[in-house]
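I would like the entire structure built from these sequences, with the hints used as guidance.
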Amino acid sequence: GENVEQHPSTLSVQEGDSAVIKCTYSDSASNYFPWYKQELGKRPQLIIDIRSNVGEKKDQRIAVTLNKTAKHFSLHITETQPEDSAVYFCAPGGSYGKLTFGQGTILTVHP
Amino acid sequence: DVKVTQSSRYLVKRTGEKVFLECVQDMDHENMFWYRQDPGLGLRLIYFSYDVKMKEKGDIPEGYSVSREKKERFSLILESASTNQTSMYLCASSQQLRYEQYFGPGTRLTVT
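Order-wise, the sequence lines are chains A and B. So for the first sequence, our numbering puts the first residue at 39; every next one is plus one. So for the second sequence, our numbering puts the first residue at 7; every next one is plus one.
Treat the hints loosely; a few may be bogus.
Straight line, CA to CA, 30 angstroms or less: simulated DSBU-like cross-link-like pairs of lysine-lysine [stated by the list, open to error]:
hint: 1; chain 1: A; residue 1: 96; chain 2: A; residue 2: 75
hint: 2; chain 1: A; residue 1: 60; chain 2: A; residue 2: 106
hint: 3; chain 1: A; residue 1: 95; chain 2: A; residue 2: 60
hint: 4; chain 1: A; residue 1: 96; chain 2: B; residue 2: 9
hint: 5; chain 1: B; residue 1: 63; chain 2: A; residue 2: 80
hint: 6; chain 1: A; residue 1: 95; chain 2: B; residue 2: 9
hint: 7; chain 1: B; residue 1: 76; chain 2: B; residue 2: 24
hint: 8; chain 1: A; residue 1: 75; chain 2: B; residue 2: 77
hint: 9; chain 1: A; residue 1: 80; chain 2: B; residue 2: 9
hint: 10; chain 1: B; residue 1: 61; chain 2: B; residue 2: 24
hint: 11; chain 1: B; residue 1: 61; chain 2: A; residue 2: 75
hint: 12; chain 1: A; residue 1: 95; chain 2: A; residue 2: 106
hint: 13; chain 1: B; residue 1: 19; chain 2: B; residue 2: 77
hint: 14; chain 1: A; residue 1: 60; chain 2: A; residue 2: 80
hint: 15; chain 1: A; residue 1: 80; chain 2: B; residue 2: 19
hint: 16; chain 1: B; residue 1: 77; chain 2: B; residue 2: 61
hint: 17; chain 1: B; residue 1: 9; chain 2: B; residue 2: 61
hint: 18; chain 1: B; residue 1: 61; chain 2: A; residue 2: 80
hint: 19; chain 1: A; residue 1: 95; chain 2: A; residue 2: 75
hint: 20; chain 1: A; residue 1: 106; chain 2: B; residue 2: 63
hint: 21; chain 1: A; residue 1: 80; chain 2: B; residue 2: 24
hint: 22; chain 1: A; residue 1: 109; chain 2: B; residue 2: 63
hint: 23; chain 1: B; residue 1: 9; chain 2: B; residue 2: 19
hint: 24; chain 1: B; residue 1: 76; chain 2: B; residue 2: 59
hint: 25; chain 1: B; residue 1: 77; chain 2: A; residue 2: 80
hint: 26; chain 1: B; residue 1: 76; chain 2: B; residue 2: 63
hint: 27; chain 1: A; residue 1: 75; chain 2: A; residue 2: 106
hint: 28; chain 1: B; residue 1: 9; chain 2: B; residue 2: 77
hint: 29; chain 1: B; residue 1: 59; chain 2: B; residue 2: 9
hint: 30; chain 1: B; residue 1: 24; chain 2: B; residue 2: 77
hint: 31; chain 1: B; residue 1: 76; chain 2: A; residue 2: 95
hint: 32; chain 1: B; residue 1: 59; chain 2: B; residue 2: 19
hint: 33; chain 1: B; residue 1: 9; chain 2: B; residue 2: 76
hint: 34; chain 1: A; residue 1: 95; chain 2: A; residue 2: 80
hint: 35; chain 1: A; residue 1: 75; chain 2: B; residue 2: 63
hint: 36; chain 1: B; residue 1: 9; chain 2: B; residue 2: 24
hint: 37; chain 1: A; residue 1: 60; chain 2: A; residue 2: 96
hint: 38; chain 1: A; residue 1: 109; chain 2: A; residue 2: 96
hint: 39; chain 1: A; residue 1: 60; chain 2: B; residue 2: 63
hint: 40; chain 1: A; residue 1: 75; chain 2: B; residue 2: 9
Read the hints as simulated data drawn from the structure, not as lab findings.
Spelled out as structure tokens, the structure:
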């Protein structure tokens, strides 16, 4: 099966700084690369995703970059705000719409 | 808006009891999933279903079974609950051939 690892497991930044979370995966057949955000006590929600034919995608302050050769993709958050504090999960996808979630990264943004 | 609901937010059961967790989605999604979430382990897939009466094992199916008799409803069954099944259980759904999953609010199950 797919092995997924996220780094770092915790990340603490000052408001306004940038944050980067990296996800490595093992299955070369994976063709969908999303990031989910889960705020405390809430359900996970998709914040950005990328398909394997695209190297980078940006949506306002967040971006995802993909290196399919090296089997990793990253989440970039610029100008972080306290409301960005949450747990972030990568979840590379394969057949049947199945996702394999990483262990999560706890991001804390200090005002 | 896609709506995924789960039958209970909190549940307390005794060891050996049979436990039913239900999930309902209202967007006619073909795919449905059950995960358990534990600190430091992320979301781990228990079972999924891509059609009525179809089911596939996920990464940790032991001790669980599922039922999907109707398209909108996917049930997770713990045949004989054990303390190591104490966890947060999340249901999700997605459209066929699309990957975005929509999650329910979760059921926090405690087995004593």
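### Task
Verify the proposed pairing of residue 96 of chain A with residue 75 of chain A, using a straight-line Cα cut of 30 angstroms.
holds (16 angstroms)
#### Entry: Distance restraint between residue 109 of chain A and residue 63 of chain B, which requires alpha-carbon spacing of 30 angstroms or less
Holds. Residue 109 of chain A to residue 63 of chain B sits at ~25 angstroms (cutoff 30 angstroms).
### Message
residue 60 of chain A and residue 96 of chain A were given as a pair; does the straight-line alpha-carbon distance stay at or below 30 angstroms?
### Response
holds (16 angstroms)
### Task
Take a quick look at whether residue 95 of chain A and residue 75 of chain A sit within 30 angstroms of each other, Cα to Cα.
Roughly 17 angstroms between the alpha carbons, so the hint for residue 95 of chain A and residue 75 of chain A holds.
### Task
Quickly compare the C-alpha distance for residue 9 of chain B and residue 77 of chain B to 30 angstroms and report which way the hint goes.
holds (14 angstroms)
### Task
Decide if the proposed pair is consistent with the structure: residue 59 of chain B and residue 19 of chain B, CA atoms, cutoff 30 angstroms inclusive.
Distance of about 27 angstroms is within 30 angstroms: holds.
### Task
Verify the proposed pairing of residue 76 of chain B with residue 63 of chain B, using a straight-line Cα cut of 30 angstroms.
Holds. Residue 76 of chain B to residue 63 of chain B sits at ~19 angstroms (cutoff 30 angstroms).
### Message
For residue 95 of chain A and residue 60 of chain A, compute the direct alpha-carbon distance and say whether it is at most 30 angstroms.
### Response
Within the cut-off at roughly 15 angstroms; holds.
### Task
Would you mind confirming whether the straight-line C-alpha gap from residue 76 of chain B to residue 59 of chain B stays at or under 30 angstroms?
Given pair residue 76 of chain B, residue 59 of chain B holds - Cα atoms ~8 angstroms apart, limit 30 angstroms.
### Query
Has the given pair, residue 60 of chain A with residue 106 of chain A, been kept, meaning a C-alpha gap of at most 30 angstroms?
Between residue 60 of chain A and residue 106 of chain A the Cα gap is close to 13 angstroms, so the pair holds against 30 angstroms.
### Task
With a cut-off of 30 angstroms on the C-alpha distance, tell me whether residue 96 of chain A and residue 9 of chain B pass.
Judged against 30 angstroms, a Cα distance of about 27 angstroms means the pair holds.
### 30 angstroms Cα cutoff - pair residue 60 of chain A, residue 80 of chain A
Answer holds: residue 60 of chain A to residue 80 of chain A is near 23 angstroms, not above 30 angstroms.
Hint 31 from the earlier list is the only one contradicted by this structure; the remaining hints agree with it.
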